[in-house]
Amino acid sequence: MSTARYLVSIAAAASTLAVFASIVSLVYLVNDVNNYYDDVTRNIENFKDDANTVWHQMMAVAPQGDKQRQVYESLFGPARRSKARRVVAAKHRAVAKRHRAVQKA
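Letter 71 of the sequence shown, counting from 1, is numbered 71 in our numbering, and no numbers are missing.
Just so you know, these hints were derived from the structure itself, not from any lab.
All values reported here derive from a predicted model rather than from experimental measurement.
Straight-line alpha carbon distances no greater than 25 Å define the calculated SDA-like cross-link-like pairs of lysine to any residue that follow:
id, residue 1, residue 2
1, 48, 37
2, 48, 34
3, 48, 36
4, 97, 87
5, 91, 103
6, 48, 58
7, 104, 89
8, 91, 104
Sequences and hints are given; from them, build the entire structure.
In structure tokens form, the structure reads like this:
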């Protein structure tokens with residue numbers, strides 16, 4: 001066997017080993033990715049269960065129905081704005097009344 005043929009045989013064997021090593025590494029990588037995916041899915045399901053439990057507990061404590069609307073409207077709704085207008089109008093009437101009383105005197 002000549003030296004060239006000997007070197008080609010060694011190169012072919014090394015290439016074959018490298019291909020098999022790559023395939024084995026690929027199998028391990030796919031397995032690791034699948035395990036990671038399963039862990040993430042499990043953690044997301046646990047988080048979802050915890051979030052739903054906390055949500056139901058908050059809803060059990062929170063007032064229901066119109067009470068929620070009343071609280072919201074008392075803070076942000078038109079009733080709050082109209083109350084502010086009534087207060088300003090009442091102050092304006094009081095000032096005008098005092099002004100008229102001063103003018104009469």
